[in-house]
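Residue-level listing of the chains:
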Amino acid sequence: MWKKIAMMSSALLVVVACSNSSGSSPESFPEQAIEIIAPATPGGGWDMTARSIQRAMNADGSVDQDITVVNKPGGGGEVGWQYLNQQDGHFAAVNSSLLVTGNLLDQSDLTHEDFTPLAMLSTEWLAVATHRDAGFSDGTELMDQLREDPQSLTIGVSPSLGSGNHLAFVQAAVESGVDPTELQFLVYSSGGDIMNALLGGHIDVTSNSMSDLSEQYEVGEIDILAVTSPERLESFPDIPTWEEQGIDMVFPHWRGIMGPADMPEHEVEAWDEWLSNMVETDEWQTVLDNYDLEDFYMSSGETGQFFEEQQDFFAEIIEQAGLSP
Amino acid sequence: MDLSFVLDGLWTALQPINLLWLIIGAILGTIVGILPGLGPATGVAVLIPLTFGMEPVSALILMAAIYYGALFGGSRSSILINTPGDGSSIAATFDGYPMTKNGQAGQAMSIAAMASLIGGVMAIFGFIFLAIPLANFALNFGPAEYLFLFFFALSAVVALSIGNMVKGFITMFLGLGISTIGIDLQSGVHRHTFDIPHFTEGISFVVIIIGIYAIGEVLYNMFANKQPKDVDGSKIGQKWFTKEQWRRSIAPILRSGPIGFFLGVLPGSGGTISSLLAYSTEKQISKNKKQFGKGAVEGLVAPESANSSAAVGSLIPMLTMAIPGSATTAVMLGALVMIGITPGPLLFENSPDLVWTLINSMFIGNIILVIINIAMVGVLVKILKTPPKVLYPIVLILSFIGAYTLGYSTIDFYILIIAGVIGLFMRLLDYPIVPLILALIVGGEMEQNLRRALVIYDQPVDMLFASPITIVLALLTLLSFSYPLIIKLVKRASKNKDHTVDL
Amino acid sequence: MNAVRLSLPIFFIVVSLVLAILTLQLPHAQLGNPYGPMYFPLVVSIGLFLFSVIDLIKTRHYFGKENEDLKALLKKETLFTLGVILALCLLYTLIFERVGFLLSTVIFLAAIMFFLNGKKKWMLNIIVTLVVSGSSWYVFSYLLEISLP
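Protein sequence lines correspond, in order, to chains A, B and C. Heads up: the first sequence runs through residues 1 to 325, numbered per UniProt numbering. Heads up: the second sequence runs through residues 1 to 503, numbered per UniProt numbering. Heads up: the third sequence runs through residues 1 to 149, numbered per UniProt numbering.
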């Protein structure tokens, strides 16, 4: 019955979408309010990104229409992204690497090719951390032990298998000659839960974003063994990168924004202008600072190419992780 | 503890602008608490854009006020029309609504507000003296400890349906079954989602609560034998509770505050468990056992005191470790980071002024809230004078809107309607609803912790002996299951001894 | 009346069987224990099944006993009222996202108010409909900035 209802309502939505997808003319765009879709409930990471974009775009003032945020949660972004494809170029949705991995993990039919890339906005870098009493001095030492006995440590990741946090650890393991399918991953729903488990000694290792780890690192409760950035981070110059430790990997956890499929050229150009101005605002810089994010801006053209690279990159890791369907 | 920080904090909290935000937060919190579906998490989330332009300390005061304000407000609709809007206000229906039926709506609401106040104040003292050690103790809760905590909570609630335990187990298993819908965290397997993306994150327990209670209540009141009965306006009773009620309430309030506070500090357990455990504890030790469920004031104040102090307690892991223990604190954490406050172990060292301002504002806020809530008693009891045929359509609309704000999808409307119909039948045929709801709330985490524990401990029996905590919780579980049996035996024994003692 | 009493235990038995069948059809986990996702739902379905069967057997004790509420439920007017209200709720669900919050709420409230209170109280019905729809739209859409359709 649910399937039927879902089919019926999606059929109806397609009809509605067709009726209002008449393209705009270059002079008049935007004709109505700009809506940024957060494919999540209020309060989460995607919602925060969408609201930050809204705030920074308003501060910039290039758009002379209202800018609103719509929440369309569900299905790890899928509900919101499907909704986006029923709209026109006045709508854009926040995305992340989940857009690429969802399809590779067979959790979603959508791929990046179903949308028009608009921009890449920010990234955070991921790191491997242990409790301060665990006694590992660097990432190589950790991987050495896992090569000896992959079952000797429990590794906490969030929010799912196949997430950036999980796959970053898998890549480091593969590059170090550890079989990632032998590892014991425990999945938690949030970075906070992981920190609780790590501090309480219920897990041994975590792979997590720097913003979730930095507080406890600063007070010395946890050690950070390696970070996935190409160079040491400005704010944490003592943390070595994987590259320095002889592991060839750079793993960004990016967030970007995209429009519905087949947007006309002039609409993409308009968004390019808005977003390139937006990332220059003080408001946007403050957001990046507060969340320990780094600027990762790319224009629409560059983003399209980046998606292609990410597609190949993730296809390989997911295969190695033993998660390809 | 440096006294100058305390005074500085008080001074900052008393700044007119902060007092204004505190009052706004208290009123908004009360309103979102009363409305079905809109809990403190949504209340805080929708205000995030507003906090951008505010001083960080004002934003923190505002968000905290909404949080504990919602718990004051939450019991209002439970008491008046038997429709809790959220998990933590379910327990207030057990004795709060019977009190209304007995013509004590005003008294119930004012004493519930007092209970919230005292619970809140106790928790603030707990916050001052115990924040850091308790946050550290909470870290001892790993997969095995959580598993047994959830066992204990479920056992306590099933044991509440004394004499009807089979049905209690049925609804508990039903709730656990529904909780398996959605993506399985440990494996990534989609379970029973029927390819509907909306279901991958599971079915919201709040939608089920609104469905069973609000929709179910409306349907129940459409029965032919309930039709013409407009509530008699004279039966609303006094606004202020009696000395006798106060005397009976004080001990339960004082007992339940610490229960709520402690459970609030544990990430992931929160208001629902604490209020239900406070209720069942009180019922088991009370002298007026037989009155419970029929309008015993003890049964109303205990959960109210507990959930109010749980809210304050759950701020502790969020502020001291940046570990959010509930949906609301998760939203608060995100918003705080956005405006430039970074909670965590350094917050207490780097910005003691901020922490002390928050603590002082919570004191003032709780007092403001009790005034608001008692002042509102007079207005709220008018709801009872509204003809049911006008009131119930409004309840229906509010339920639908509340469900929509939770998932932004009309799929939840179907769940709402189905839950309403099943809830109606469960009620007619005496199936207890609370085990269903609690199982639904804890089911997901219970299973995931079991699975994590199975990876960590080689032998399942090792989980039981993982720590003193698990052993204590296991004993408590055993006790609450055998409790009804013991009661039966005691009854039988005393009957045999003395036939004049008629229990 | 006995049919109503039997309805829930039988319903729960059906639910437990459906849950068990769905669980057995789940794909295996790719990492870790392949049967990991199945254990818990299976135990739950077995528990639900066993207790529902006990409950079904115990139900016969109640056969023939009078129950005010059940009697009221089986009256024609109750069934009619419940049917209409549920149908209206379903209708509301179907039109909510298509015609938008405000219009669908006005239609739903008006229908249910006229159904419950009759045509004679048309003034009251219309006032309640408009005030409740308008104010809830204002509160949720403007004050709380929740995106309603």
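Since the hints were derived computationally from the structure, they do not count as laboratory data. Treat each hint with caution, since some may be false.
Unchecked claim - Pairwise CB distance ranges (calculated): (1) B:P387 with A:A33: 33 to 43 Å; (2) B:N164 with A:S235: 26 to 36 Å; (3) C:V53 with A:D66: 28 to 38 Å; (4) B:L489 with C:F114: 52 to 62 Å; (5) C:A3 with B:L50: 46 to 56 Å; (6) B:E55 with C:V43: 51 to 61 Å; (7) B:W240 with C:L90: 20 to 30 Å; (8) B:N164 with A:G135: 23 to 33 Å; (9) C:V131 with A:S28: 37 to 47 Å; (10) C:E68 with B:P460: 40 to 50 Å.
Stated by the list, open to error - BS3-like cross-link-like pairs, simulated, lysine-lysine; straight-line CA separation at most 27 Å: (11) B:K488 with C:K58; (12) B:K382 with B:K294; (13) B:K382 with C:K121; (14) B:K488 with C:K65; (15) C:K119 with C:K65; (16) C:K71 with C:K58; (17) B:K382 with C:K119; (18) B:K290 with C:K119; (19) C:K121 with B:K294; (20) B:K290 with C:K65.
Being a predicted model, the structure only gives us computed values, none of them experimental. Using N, Cα and C, we set each Cβ at its ideal position, and we do this for glycine too.
Hints, one by one, checked against the model:
P387 (chain B) and A33 (chain A) have their C-beta atoms about 41 Å apart, which keeps the hinted 33 to 43 Å range intact. Checked against the given bound of 26 to 36 Å, the beta carbons of N164 (chain B) and S235 (chain A), roughly 59 Å apart, lie outside it. At roughly 59 Å, the beta carbons of V53 (chain C) and D66 (chain A) sit outside the given window of 28 to 38 Å. A C-beta distance of roughly 58 Å is found between L489 (chain B) and F114 (chain C), which places it inside the suggested range of 52 to 62 Å.
Our hint of 46 to 56 Å for A3 (chain C) and L50 (chain B) holds, since their Cβ atoms are close to 55 Å apart. Between E55 (chain B) and V43 (chain C) the CB atoms are about 52 Å apart, so this pair conforms to the stated range of 51 to 61 Å. The hinted window of 20 to 30 Å between W240 (chain B) and L90 (chain C) is violated, with their beta carbons roughly 45 Å apart. For N164 (chain B) and G135 (chain A), the Cβ-Cβ distance of about 55 Å falls outside the hinted range of 23 to 33 Å, so the restraint is violated.
At roughly 39 Å, the beta carbons of V131 (chain C) and S28 (chain A) sit within the given window of 37 to 47 Å. Checked against the hint of 40 to 50 Å, the C-beta distance between E68 (chain C) and P460 (chain B) comes to roughly 49 Å, which is consistent with it. A hinted pair counts as satisfied when its Cα atoms are at most 27 Å apart, and K488 (chain B) with K58 (chain C) qualifies at roughly 19 Å. Between K382 (chain B) and K294 (chain B) the alpha-carbon distance is near 23 Å, which keeps this suggested pair within the 27 Å criterion.
Between K382 (chain B) and K121 (chain C), the direct Cα distance comes to roughly 21 Å. Compliance with the 27 Å bound is thereby established for this hinted pair. Restraint check for K488 (chain B) and K65 (chain C): the C-alpha separation of about 25 Å stays at or below 27 Å, so the hint holds. Taken as a hint, the K119 (chain C) and K65 (chain C) pair is broken in the structure, with Cα atoms around 39 Å apart against an allowance of 27 Å. The straight-line distance between the Cα atoms of K71 (chain C) and K58 (chain C) is roughly 21 Å, inside the 27 Å bound, and the hint therefore holds.
Distance check on the hinted pair: K382 (chain B) and K119 (chain C) sit about 25 Å apart at the alpha-carbon level, within 27 Å; holds. Pair hint K290 (chain B) plus K119 (chain C) does not hold up; C-alpha atoms about 47 Å apart against a cutoff of 27 Å. Of the supplied pair hints, the one linking K121 (chain C) and K294 (chain B) is violated, its CA atoms being roughly 36 Å apart against a limit of 27 Å. Only pairs whose Cα atoms come within 27 Å are accepted, and K290 (chain B) paired with K65 (chain C) is accepted, the gap being roughly 25 Å.
Going through the hint list in order, the structure does not satisfy hints 2, 3, 7, 8, 15, 18 and 19.
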